[in-house]
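Residue numbers (this note's numbering), protein chains in the order written: chain B, 1 to 249; chain H, 1 to 226.
Source of the hints: derived by calculation from the structure; they are not laboratory data.
All residues carry an ideal CB built from backbone N, CA and C; glycine is no exception.
Treat the hints with caution; some may be incorrect.
Residues of chain B placed beyond 12 Å of chain H at every Cβ, according to the derived structure [stated by the list, open to error]: (1) M1; (2) N12; (3) M19; (4) E50; (5) P51; (6) N71; (7) H87; (8) D139; (9) C214; (10) K242.
Computed footprint of chain B on chain H, listed as stretches where at least three residues anywhere in the stretch have a Cβ under 8 Å from a Cβ of chain B [what the hints assert, rightly or not]: (11) 50-61; (12) 84-98; (13) 179-190.
With a straight-line cut-off of 30 Å between C-alpha atoms, the simulated DSBU-like cross-links for lysine-lysine are [as the list claims (entries may be wrong)]: (14) K92/B to K96/H; (15) K20/B to K226/H; (16) K94/H to K92/B; (17) K150/H to K226/H; (18) K200/H to K242/B; (19) K197/B to K8/H; (20) K11/B to K8/H; (21) K20/B to K8/H.
Chain by chain, the residues run as shown.
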Amino acid sequence: MRITLHVWRQKNSTDTGGMKEYTVDGVSEDMSFLEMLDLVNENLINEGKEPIAFDHDCREGICGTCSLMINGIAHGPDAAITTCQLHMRSFKDGDAIHIEPWRSLAFPVVRDLVVDRSSFDRIVQAGGYVSINAGAAQDANCLPIPKPDSDTSMDAAACIGCGACVASCPNGSAMLFVSAKIGHLAHLPQGQPERYKRARDMVAQMDAEGFGACSNHYECEAVCPKEIPVKFIAKMNRDFFKATMCSES
Amino acid sequence: MSLGTTMKSSIGAKALMAITGIILVLFVIGHMVGNLQVFLGPDALNQYAHTLQSLGPILWIIRLVLLTTLVAHIWSAAVVVRMSVAARPVDYQKRKDLTTGFAARTMLVSGIVVALFIVYHVLHFTTGTIDMAESYGQMLPDGGGHDVYKMVIEGFQHPLTTIVYCLATVVLCLHLSHGISSLMQTLGFRNDSNAARIDKVGPVLAIIILIGNLSMPIAALTGLIK
Ligand code: FES
């Protein structure tokens, strides 16, 4: 296949950057999207040019490092996968593909398609943990947790923190991410003691990082590679209301 | 956490917008149902208007509450919009919407249009400043208060006025079709089992309000009610 790419190139965080066009031949439909970019980069290196910088690590859809806005959709056209799991068979010969980095005040571009997502880390540091001593690993079933609760908790815990929710949100809101991080603990007994303080502090950090406010477009749910539903945002809001209205700390 | 800090947070501002939204939706429905009495004839509408007028100080309290609600709704919208605009200083050259609709994307514009229309509507029918010179404030011969019925019928005899009202109604209903469903999610009511119903209740209520509110100016203009 022959593919034309329009890629965002930006030298560093202070550079203004712009779109550049590349043509790449010999793309196989079995290649992953990132392998196609590897091919482009090999060609660029052979020509003595700077390769395109992009984030990746596991390349098996579990780490949340890869990103990319592909033809205007976070993680590309196929639902419920990350960019590293997207394959070139989803495109056809002669296609033009637009690639841009995540766009958010809280995700500054480091270089080309690489953005700094440490704002997510700071949100988790603000309360996305259990600070009580939960002891050593217990025997199975020693701590009874109803199946619906553990399932819901696991649904939220599937979040890999890639930031596609922010990238796709017309408001640049991080609420799906934050609600998933609050939600997976809110459904487990270990998460209860700090539940409301956690909701309050993580939301405060989310706002301080400069993320936008959700207006319920549900674009985040549509692009989430882990299909995390927006019901967690509703749950987070409930916890936040309780935290601000009822809690004493 | 103080109430002020809460209201300025992303979720707090959204909650304020949602709660004030509920009050405003209830007002829109009550306003429509009251006005639909125009179809019951002059006596019914004038009697209703007279009852409202004779509430005296209570009427002013209701007006004040509504105005405060409206201001709070607009203020919280401003907080939310400011956050969202600031959140993406460099926009995409290409971004595709997958699920959101026209109504959700145009909430700001539809909100501004509705706000401007409210000003016009109050100047038109409540104070009679615009365009109502002859029939505004005319009293009924039997001392039953203002002849509101006549004012409504005459007010909608100008096609331009009627068009403005119809367009504003369409924009209002666009705003409500997203707003009503959206506020339920914001306030935390939406879950797996009711999501489909909640997503429908906004558009359905909006269409009911659209039909109800369009029927009056159109009936008056076409002579269905005289
Ligand atoms: S590289 Fe790990 S999820 Fe894509």
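Structure-based check of each hint:
no.	hint	in the structure
1	M1	21 Å, holds
2	N12	14 Å, holds
3	M19	6 Å, violated
4	E50	21 Å, holds
5	P51	21 Å, holds
6	N71	7 Å, violated
7	H87	20 Å, holds
8	D139	32 Å, holds
9	C214	7 Å, violated
10	K242	10 Å, violated
11	50-61	violated (count 0)
12	84-98	holds (count 15)
13	179-190	holds (count 8)
14	K92/B to K96/H	19 Å, holds
15	K20/B to K226/H	67 Å, violated
16	K94/H to K92/B	20 Å, holds
17	K150/H to K226/H	8 Å, holds
18	K200/H to K242/B	28 Å, holds
19	K197/B to K8/H	18 Å, holds
20	K11/B to K8/H	37 Å, violated
21	K20/B to K8/H	41 Å, violated
Against the hints set out earlier in the document, violations occur for numbers 3, 6, 9, 10, 11, 15, 20 and 21.
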